[in-house]
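Student: Taken in sequence, the protein lines are chains A and B.
Numbered by this note's numbering, the letters in the first sequence go through residues 78 to 205 in order.
Numbered by this note's numbering, the letters in the second sequence go through residues 2 to 158 in order.
By construction, these hints were calculated from the structure, which means they are not laboratory data.
Treat the hints loosely; a few may be bogus.
Examples of chain A residues lying across from chain B (beta carbon under 10 Å, computed) [as the list claims (entries may be wrong)]:
(1) Y89
(2) N90
(3) G94
(4) Q95
(5) E97
(6) G98
(7) Q102
(8) R121
(9) S124
(10) F125
(11) S133
(12) D135
(13) V136
(14) M143
(15) V145
Far from chain B, some chain A residues (derived; all Cβ distances over 10 Å) [stated by the list, open to error]:
(16) T85
(17) I120
(18) T126
(19) Y148
(20) K156
(21) P168
(22) V183
(23) S187
(24) R188
(25) I189
(26) S192
(27) E199
Note that the Cβ used here is the ideal one computed from N, Cα and C, for glycine as well.
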Amino acid sequence: MSSFDVGTPVDYNIVVGQMEGGFLQGIGYASIEKMDYDNKGRIRNNSFTDYLVPTSMDVPNMKAVMHVEEYPDGPYGAKGAGELPLVAPPPAYIEAVEQALGGASVHPLSRIPFSTEDVILELNKEVS
Amino acid sequence: MDDIRFRLNAKDVAYAGAATDRLLDVLRDDYDMKSVKCGCKEGECGACAVLIDGVLTNSCCVAMGAVDGHEIVTVEGYRETPRFAKLSEKFAELSAVQCGFCIPGMILAAEALLCVNPHPTEDEVREAISGNICRCTGYNAIVNAILNAAKEGDGLW
Chain A
78 MSSFDVGTPV DYNIVVGQME GGFLQGIGYA SIEKMDYDNK GRIRNNSFTD
128 YLVPTSMDVP NMKAVMHVEE YPDGPYGAKG AGELPLVAPP PAYIEAVEQA
178 LGGASVHPLS RIPFSTEDVI LELNKEVS
Chain B
2 MDDIRFRLNA KDVAYAGAAT DRLLDVLRDD YDMKSVKCGC KEGECGACAV
52 LIDGVLTNSC CVAMGAVDGH EIVTVEGYRE TPRFAKLSEK FAELSAVQCG
102 FCIPGMILAA EALLCVNPHP TEDEVREAIS GNICRCTGYN AIVNAILNAA
152 KEGDGLW
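Using the sequences and the accompanying hints, generate a full structural model.
Tutor: As structure tokens, this is what we get:
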């Protein structure tokens with residue numbers, strides 16, 4: 078569930094789509110979209126095989142709701158609604174992973190993307 | 002060397018180029034089928050999907066030699082059908098199109114699904130379009146558009 082203050086949505090469906098899409102991008106950004114560099118600074122991911130983005134099967138049960146309130150300084154009472162939904166999901170995702178692993182006191186996480194493999198590495202620390 | 006003969010959007014065509022040419026490039030450049038998008042050129046993104054004998058196929062991974070004698074449908078041909086009209090109506094109604102780059106592939110993926118399964122569940126729709134990557138919408142609107150088209154277009158498929 079995500080909630081956004083976008084002033085007055087000019088095209089409601091498109092704004093919801095933008096919010097859901099940005100939200101899913103945020104989830105990908107926080108979990109699987111790892112961009113890697115070689116020792117000369119060249120990006121190593123050169124295809125969708127190496128750089129995964131969420132597919133329709135990876136979508137969490139997400140819902141975007143609008144906090145509708147006219148914004149007096151914007152055209153028709155609207156605010157910009159582009160990058161907004163990308164901001165909150167990564168911290169929320171990391172919080173959720175931290176909680177699932179037993180809390181920030183046990184596994185303080187401070188970076189993204191944090192993938193399934195990273196979770197396994199984190200759990201292995203506990204064992205060793 | 003013989004021409005490669007196949008049916009493209011219900012027209013018989015003959016291609017005189019090499020059998021190793023990529024179907025994606027030939028459709029776009031020789032037959033002006035610009036709905037077929039070039040995304041990743043390695044079969045990951047689904048933007049170049051076409052129907053070959055009704056089967057959803059990434060045209061970037063098909064050599065021209067392999068389409069000899071087969072029937073290819075792209076959105077340019079599919080758009081003349083009442084099924085497309087229903088899908089188009091629902092995609093527009095639910096704003097399932099944002100930038101639009103993935104949509105020709107999504108439409109054909111929906112067609113391929115609904116042909117074999119006219120009343121899919123949400124999970125089946127999600128699986129059917131899982132080979133088509135969309136960066137804008139988060140998929141919910143597309144899934145709902147396909148489900149609504151299946152419901153209201155009862156009998157079309």
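Student: Give a verdict on every hint.
Tutor: Evaluated hints:
1. The criterion of a C-beta within 10 Å of any C-beta in chain B is met by A/Y89, whose closest approach is roughly 9 Å, and the hint holds.
2. A cut of 10 Å between beta carbons decides the hint on A/N90: the least distance to chain B is about 4 Å, and the hint holds.
3. Given the 10 Å rule on beta carbons, the hint for A/G94 holds: about 5 Å separates it from the nearest Cβ of chain B.
4. Look at A/Q95: its Cβ gets to within about 7 Å of chain B, closer than 10 Å, so that hint holds up.
5. A distance limit of 10 Å between C-beta atoms decides the matter here; for A/E97 the minimum to chain B is near 3 Å, and the interface restraint holds.
6. The beta carbon of A/G98 comes within 4 Å of a beta carbon in chain B, closer than 10 Å, and the hint placing it at the interface holds.
7. Given hint, A/Q102 at the interface with chain B, holds; its Cβ is 7 Å from that chain's nearest Cβ, closer than 10 Å.
8. The interface hint given for A/R121 is broken, as the beta carbon of that residue sits about 16 Å from the closest beta carbon of chain B, more than 10 Å.
9. Look at A/S124: its Cβ gets to within about 6 Å of chain B, closer than 10 Å, so that hint holds up.
10. Contact between A/F125 and chain B, as hinted, is supported at the beta carbon level, the nearest pair being about 4 Å apart and thus within 10 Å.
11. Contact between A/S133 and chain B, as hinted, is supported at the beta carbon level, the nearest pair being about 4 Å apart and thus within 10 Å.
12. At its closest, the beta carbon of A/D135 sits 9 Å from a beta carbon of chain B; the interface hint therefore holds under the 10 Å criterion.
13. Because the smallest distance between the Cβ of A/V136 and any Cβ of chain B comes to about 5 Å, under 10 Å, the interface hint for this residue holds.
14. This hint is violated: A/M143 has a C-beta 14 Å from the nearest C-beta of chain B, more than the 10 Å allowed.
15. With a cut of 10 Å, the hint placing A/V145 at the interface with chain B is violated, because the nearest CB-to-CB distance is about 17 Å.
16. The Cβ of A/T85 sits about 17 Å from the closest Cβ of chain B, beyond the 10 Å cut-off, so the non-interface label holds.
17. For A/I120, the non-interface assignment is confirmed: its Cβ lies about 15 Å from the closest Cβ of chain B, beyond the 10 Å cut-off.
18. With 10 Å as the threshold on Cβ separation, the claim that A/T126 sits away from chain B is violated: the shortest Cβ distance comes to roughly 6 Å.
19. Consistency note on A/Y148: stated as away from chain B, and its beta-carbon is indeed over 10 Å from all of that chain's, at 21 Å minimum.
20. Look at A/K156: its CB is around 18 Å from the nearest CB on chain B, clear of 10 Å, so calling it non-interface holds up.
21. Distance check for A/P168 against chain B: the nearest CB is about 19 Å away, which clears 10 Å, and the non-interface claim stands.
22. With a cut of 10 Å on Cβ distances, A/V183 stays outside the contact zone with chain B, its closest approach being about 32 Å.
23. Separation of A/S187 from chain B is adequate, the least Cβ-Cβ distance of about 27 Å exceeding the 10 Å criterion.
24. Under the 10 Å C-beta cut-off, the non-interface status given to A/R188 relative to chain B holds; the minimum distance is some 23 Å.
25. At the 10 Å boundary, the C-beta of A/I189 stays outside the reach of chain B, the nearest C-beta of that chain being 18 Å off.
26. A cut-off of 10 Å between C-beta atoms confirms that A/S192 is not in contact with chain B; the least separation is 18 Å.
27. With a least beta-carbon separation of about 28 Å from chain B, A/E199 lies farther than 10 Å from that chain, consistent with its non-interface assignment.
Going through the hint list in order, the structure does not satisfy hints 8, 14, 15, 18.
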